[in-house]
Amino acid sequence: MIRVQLREDYSNLIFYLSPLVAVALTLFFGSFIFLILDLSPIESFKIFFISPISNSYGISELFVKATPLAIIALGLSYCFKNNIYNIGAEGQLTMGAIFGGGIGLLFNDSTSVFLLPLMILFGVIGGAFWATIPAILKTKFNTNEILTSLMLTYVALFILDYFVVGPWKDPAGYGLPKSMPFPDAGRLPVLIDGLRVHIGVYFALIICLITYIIYNKTLFGFKLKVTGLSSKASQYAGFKYKNLIFYTFIISGACAGLAGLFEVSGPIGLLYRDISPNYGFTAIIVAFLGRLNPFGIILSSLLIALTYLGAEDAQLFLKIPSAVGFVFQGLVLFFLLGTDFLNKYKVFIK
Amino acid sequence: MSIELIIGILNIVLISTTPLVFAGIGELVTEKSGVLNLGLEGLMLVGAVTGFITLVITGNYFYSLFLSIISGVILSGIFAFLVLNLMTNQIATGLALTIFGIGLSAMLGKKFGGTPINGLNPYYFIVISFLLVFFVAYFLSKTKTGLIVRAVGENHNSAYALGYNVIKTRYLTIIFGGVMSSLAGYYISICYAPMWQEGMTAGRGWIALALVVFATWKPWRLLVGAYIFGGVAIMQMNLQAIGVKLPGQFFNMMPYLATIIVLVFISSNKLRLKLSAPSSLNIPFEKNQ
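Line by line, the protein sequences give chains A and B. Throughout the first sequence, residue numbering follows numbering that gives the first Met the number 0, covering 0 to 349 in sequence. Throughout the second sequence, residue numbering follows numbering that gives the first Met the number 0, covering 0 to 288 in sequence.
Be aware that a few hints might be false.
Chain B side only, calculated, beta carbon under 8 Å to chain A, not exhaustive [said to hold, decoys possible]:
1. MET86
2. LEU103
3. ALA240
4. VAL243
Pairs of lysine-lysine, DSS-like flavour, derived with a Cα cap of 25 Å [said to hold, decoys possible]:
5. B:LYS269 x A:LYS231
6. A:LYS318 x B:LYS110
7. B:LYS109 x A:LYS318
8. A:LYS239 x B:LYS269
Since the hints were made in silico from the structure, they are not lab data. For clarity, every value in this text was computed on a predicted model and none was experimentally measured. The beta carbon of each residue, even a glycine, is placed where N, CA and C say it ideally should be.
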């Protein structure tokens with residue numbers, strides 16, 4: 000007979016250990032998937048997790064993928080800490096790309112050094128603007144932010160689609176649904192010549208540090224923590240919950256917008272339909288896997304970025320669809336959520 | 000416009016809207032019991048691919064339908080175990096289910112893309128979808144079990160105190176929702192398309208989710224809403240065909256915008272919210288507390 004009991008002693012060890020357990024379980028079940036597909040698990044894991052980062056190009060690509068994930072997840076951690084579920088980061092990312100990218104297209108003959116900062120600014124504004132809508136609806140009309148932020152994601156994707164097949168379509172693009180490339184002044188500088196890794200990495204690290212300081216050294220961070228643990232306690236303490244909702248939404252939207260602008264002005268260089276391989280949704284996994292801890296998020300963003308790269312290599316060398324990466328992402332989140340149970344409850348087996 | 004054209008359009012609307020009715024009515028029952036399952040898209044895709052593969056291998060429609068349903072039972076059963084027994088966050092678990100389902104279906108279906116099959120006649124499913132809405136409407140409002148489902152969704156603590164088994168009720172409604180999503184997927188790959196292609200449900204899972212809110216959790220409104228959403232999508236194609244210059248994307252975002260408006264309308268008034276949305280939606284039930 001299995002009996003469970005609510006934990007009274009809160010264990011930090013289990014809290015930080017459970018992501019590792021989740022990853023281990025994912026690898027264990029992942030090896031079964033490879034066996035079913037008639038592939039040797041060890042060989043497959045090598046192709047999936049080791050060969051993608053065995054050269055400088057691979058490591059650069061790892062950072063290219065991890066940067067947007069980390070930036071979005073860091074922003075989302077503010078919402079999730081506050082028990083606000085903004086799941087529309089994908090839409091906010093898209094809006095950031097539209098706003099910032101729009102500036103790049105508007106001044107497409109510019110060589111000014113101010114073009115890129117202006118694009119970044121508009122990217123941030125675009126993302127924050129899109130996140131303000133669910134925030135206003137939540138605070139003014141008590142509307143469920145989960146559903147509105149999700150719905151707005153699809154609205155944003157259709158807006159992007161409208162621009163790239165309509166007014167912003169490249170006249171010299173053979174009718175393909177894409178914009179003309181941004182001018183050089185609107186491209187994000189790369190860190191190493193010939194590789195795609197860009198200065199967004201620094202932004203991610205700076206945001207990580209700022210977030211760490213905010214969470215641990217400021218009143219705002221304290222308010223978030225209290226509200227997340229108990230909204231009643233926060234009310235008694237006189238914290239303005241509505242303001243917290245607003246700030247956290249704007250911060251997460253701004254981060255997602257920044258990530259979106261980095262994608263289009265960095266690796267992609269123009270606007271088209273599929274600017275993001277689900278980064279906005281995957282960042283939710285990254286945030287949870289990193290335990291909403293800024294440094295944890297950096298680590299988990301690297302791990303999840305590896306599933307993207309591994310999936311691409313698996314498609315190339317193992318001839319399995321790159322969607323296998325999604326299987327691993329889904330599994331790791333399942334196991335993480337599952338192992339969290341041990342964090343809250345003690346299990347006795349009699 | 001000739002009669003033939005109108006009948007033709009109505010026919011296409013009927014055929015293309017049915018998966019929304021299936022997935023929507025399943026999610027409606029799940030949400031009525033207080034559980035929000037964001038995994039519809041994943042469930043639909045896995046249901047679609049399982050049915051398709053089984054049909055290609057065995058050539059038997061009954062087996063393919065059966066295994067497609069089983070895939071929904073298994074996946075939604077996993078979801079139910081996580082959110083009910085392990086009390087995980089419903090939003091995160093549902094998203095994990097969708098991401099997992101997208102990946103799994105693509106992997107399973109890799110070898111079967113482009114394989115031709117003989118599709119099933121969609122009209123059986125269309126009739127079944129109408130009957131289902133009738134059945135669910137009757138079940139929720141007129142039967143004792145339906146009342147228990149609603150009680151569990153309104154206030155699980157009271158329902159538990161009255162002696163109803165909250166966990167068991169929710170297991171059943173989640174699995175019903177899962178099976179309906181698989182059926183929606185099965186219909187798409189066997190009747191509507193009929194073929195298999197990666198990600199072929201094309202966001203219908205999210206529209207079905209919006210639909211439940213749009214219908215304010217009422218079965219008959221869900222049927223009407225599904226045909227409005229489906230009709231708008233078809234109308235857009237026809238308007239483009241006759242040369243109307245309105246961008247198609249604005250029609251495509253209509254369902255989502257309409258849902259947000261309905262959501263704002265019902266939630267801006269406390270009483271209205273109480274009368275429409277299940278109060279315990281997305282709140283985990285912890286027996287020990």
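Structure-based check of all given hints:
1. Among the interface hints, the one on MET86 (chain B) holds; its C-beta lies about 7 Å from the nearest C-beta in chain A, closer than the 8 Å criterion.
2. Look at LEU103 (chain B): its Cβ gets to within about 6 Å of chain A, closer than 8 Å, so that hint holds up.
3. Taken as an interface hint, ALA240 (chain B) does not check out: its beta carbon lies about 17 Å from the nearest beta carbon of chain A, beyond 8 Å.
4. The criterion of a C-beta within 8 Å of any C-beta in chain A is not met by VAL243 (chain B), whose closest approach is roughly 14 Å, and the hint is violated.
5. Restraint check: the Cα-Cα separation between LYS269 (chain B) and LYS231 (chain A) comes to about 20 Å, which is no more than 25 Å; the hinted pair holds.
6. The straight-line distance between the Cα atoms of LYS318 (chain A) and LYS110 (chain B) is roughly 10 Å, inside the 25 Å bound, and the hint therefore holds.
7. For a cut-off of 25 Å, the pair hint linking LYS109 (chain B) to LYS318 (chain A) stands: about 9 Å separates their Cα positions.
8. A distance of roughly 21 Å separates the Cα atoms of LYS239 (chain A) and LYS269 (chain B); the hinted pair therefore holds under the 25 Å criterion.
Of the numbered hints stated above, those contradicted by the structure are hints 3 and 4, listed in ascending order.
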